[in-house]
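Chain order of the listed sequences is A and B. Here my numbering = 1-based position in the first sequence + 1. Here my numbering = 1-based position in the second sequence + 185.
Heads up, a few of these hints could be off.
Only pairs whose alpha carbons sit at most 30 Å apart, straight line, appear in this in silico DSBU-like list of lysine-lysine [said to hold, decoys possible]:
no.	chain 1	residue 1	chain 2	residue 2
1	A	Lys217	A	Lys295
2	A	Lys118	A	Lys80
3	A	Lys80	B	Lys496
4	A	Lys217	A	Lys119
5	A	Lys122	B	Lys519
6	A	Lys119	B	Lys281
7	A	Lys183	A	Lys122
8	B	Lys326	B	Lys315
9	A	Lys13	A	Lys277
10	A	Lys217	A	Lys280
11	A	Lys26	B	Lys595
12	B	Lys416	A	Lys113
13	A	Lys275	A	Lys342
14	A	Lys80	B	Lys287
15	B	Lys308	A	Lys118
16	A	Lys110	B	Lys281
17	B	Lys326	B	Lys265
18	B	Lys472	B	Lys496
19	B	Lys370	B	Lys315
20	A	Lys348	A	Lys326
21	A	Lys21	B	Lys416
Calculated from the structure, these hints are not laboratory results.
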Amino acid sequence: MSKNTEFVKFDKVDKSYDGKVLVVKDLNLNISEGEFITMLGPSGSGKTTCLMMLAGFETPTNGEIYLDSNPISNIPPHKRGIGMVFQNYALFPHMTVYENLAFPLRVRKVQKDEIDKKVDKALSMVSLSGFESRMPAQLSGGQQQRVAVARALVFDPAVVLMDEPLGALDKNLRESMQYEIKHIHENIGVTVVYVTHDQGEALTMSNRIAVFNDGKVQQLSSPDKLYEEPVNSFVAEFIGENNTFGGEVTDISKDVCKVKLQNGEILANPISVKSKGDKTTVSIRPERALINPKDKMDNNQTGKIEEVIYHGDHTRVRLDLLGNKEFILKVPNSSNELDLKLGNEIKVGWNSQDARALDPK
Amino acid sequence: MSSETKQILTTDGIPLEISLKKAERKNKIKAFLLVAPLLLFLIITYIFPIGEMFTRSIDDKMITNMLPKTFKSMETWDGKELPSEEVFASFLSDFKILVEKKEHGKLAQRLNKEKNGFNTITKKLFRQVKRNKIDETQSIKEQIMKVHKRWRNVEYWQAIKRTAPPYTSAKYLKAMDMYLNEDNKITQVSEDRRIHRILWLRTVEVAFFVTVFCFLMGYPIAHLLATLPMKYSNLLMICVLLPFWTSLLVRTASWMILLQQQGVVNDFFVLIGLVSDDNRPEMMYNKVGTYVAMTQILLPFMVLPLYSVMKTISPSLMRAGKSLGGTPFVAFWKVYFPLTIPGIGAGCLLVFILAIGYYITPALVGGASGTLISNQIAYHMKTTLDWSFASAMGLMLLGGVLVIYWLYNKLVGVDNIKLG
């Protein structure tokens with residue numbers, strides 16, 4: 002069975018609410034069948050607008066959205082057959098759990114016994130069997146969440162949209178729900194478009210992540226690639242922790258470039274710099290910079306410890322390094338032979354491969 | 186262990202329950218003192234007048250106090266044949282006292298209401314008493330019976346006995362166009378005199394339709410108010426509330442200007458050729474005027490509860506309904522509408538109760554066919570001065586409202602009401 006890689010397709014979609022500002026700019030995005038794709042970005046980046054356009058609650062100002070190769074801009078929401086989980090669940094408060102789940106089936110004129118079967122199945126999928134006659138208000142936040150997921154799936158939609166569905170839950174519940182949703186997706190193979198501003202959520206759940214900023218997709222790739230190989234400084238900054246140096250390229254070859262900082266010079270991996278004289282921001286993940294490196298590394302610097310914060314499994318050390326007073330290091334708790342005291346000078350080294358020279362901020 | 190769980194002591198050794206009660210008593214007293222002024226105000230201005238109204242509406246003590254001895258001696262009378270000498274004697278002695286106090290006229294009037302013909306025979310008896318023609322050493326029964334043949338008729342003595350109880354339901358029966366006849370049976374008044382029942386029915390009808398019109402117009406407005414962006418909804422809210430800021434009389438008067446035959450609305454109809462100039466429809470001094478003006482005046486009472494309920498309904502619920510496959514109508518009917526029922530209940534109850542007792546507007550624009558029961562109450566309060574009748578009708582109105590409230594509670598549940 003070959004999967005349709007253009008199951009959902011945004012084709013040159015623009016969206017503006019007021020005719021002055023584009024909320025979504027020239028969006029081109031292909032989502033393949035059965036994929037779990039996450040739209041990640043800060044608030045106001047256009048991700049929810051994209052979801053609403055796909056659901057049919059907003060119309061694209063320009064461009065077209067295709068679902069299974071059919072343009073859907075002129076199809077009203079109730080005919081699109083797209084399931085949706087809302088931020089505040091949007092369970093119907095005057096209906097029982099059963100009636101909530103039966104609603105999409107009843108409007109489709111499904112037979113009564115068929116409805117019973119499907120509701121049963123959907124509830125057992127979210128492990129809420131036996132809760133049929135409860136009212137939504139009698140459920141905890143996590144249970145309501147699961148009912149909302151079951152309701153979005155019960156009528157076997159081709160695509161399920163989730164708009165920050167875990168935003169209102171506490172941290173532990175959010176984590177266990179992340180796995181639960183991920184497993185449901187793996188089991189039934191439905192296409193999921195998930196919107197969140199929580200990068201942890203995006204990284205653990207998705208096949209691919211589209212990072213939104215300023216109405217544009219900044220990077221679309223798998224979670225590991227997104228973290229390890231951000232293509233611009235916004236993505237590097239937004240995903241995970243990040244140490245940056247602003248500077249100017251003084252020498253460039255294929256794999257390595259020299260970047261002159263305010264006080265010092267480092268070697269970096271040229272990603273989005275092309276030639277000498279380009280301004281750049283060099284980004285290094287905290288865990289890639291080592292203290293007193295045993296292996297030979299092509300960047301070796303000395304920094305002064307400004308702050309030490311104990312985090313249990315690791316210790317965060319803030320250094321003043323090459324003029325950057327916010328240089329963060331993560332020291333695993335196992336390496337306790339180090340003398341981490343305020344004011345001490347320590348040696349820090351990293352490979353130029355891990356120092357990515359990106360666009361200037 | 187078990188004794189410990191039974192009685193827990195505080196650190197100072199006082200049983201916990203007592204200590205808790207003590208601590209809470211202070212709060213209770215404080216809370217009571219806070220509501221005390223309102224409670225007192227309500228008792229004085231609400232409970233007490235209603236009680237007063239009630240006693241006034243059933244009060245029939247006047248005649249009980251006029252003929253105390255007569256009624257006392259009548260207690261043993263079976264009411265089938267003419268009463269005994271003793272009854273006649275005590276009646277005469279009561280009557281003499283009344284003559285001295287010059288209250289015999291009142292007695293005649295009251296008895297005449299009970300049975301026609303008392304006026305004449307009381308006057309005759311009065312003349313006899315005045316001239317001291319009655320000799321108390323001889324049979325008083327014989328002498329009184331000689332005054333007029335009606336005094337020999339047992340029906341008149343039965344009528345006197347009927348007035349004995351200090352309380353009467355006559356006013357209530359009268360408000361329903363009924364009365365107690367000679368046999369103590371509830372009877373309808375003759376057909377051409379049944380005016381109150383028509384008024385009651387019309388009042389309920391007008392209140393019902395005003396509620397329906399208010400609902401039909403208020404629901405979309407409230408929905409718009411709840412969904413529009415703030416700056417527009419505020420403006421619209423002011424438009425809805427504007428009538429509240431104008432005096433009721435001014436509003437009603439402006440409707441008179443608009444609706445009269447030479448009024449603005451009729452002029453407009455003539456202008457656009459809807460009606461001819463010499464055939465202007467009457468829109469005032471009839472039910473149409475009452476409907477139009479009352480609907481406009483009561484509309485805010487429908488809109489505000491609806492608005493406050495609709496404001497709490499998340500727009501994502503309608504979206505969820507649509508995304509799950511419901512057409513906009515299904516999503517509205519199955520999801521949105523059921524959630525607004527508390528507001529509908531509150532609004533309809535409020536408008537209906539206000540409409541059922543409405544007075545000024547129907548009085549000014551209602552004309553003959555548009556007046557309601559409250560206008561009748563006012564008429565008896567101010568013109569005929571039959572306050573007990575007015576009280577009886579007022580209490581019946583109150584009772585009707587309570588019945589509606591009870592019905593509503595049975596059907597929808599008062600807990601579901603949401604006023605804001």
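Hint numbers contradicted by this structure: 1, 4, 6, 9, 11, 12, 13, 14, 15, 16, 18, 19
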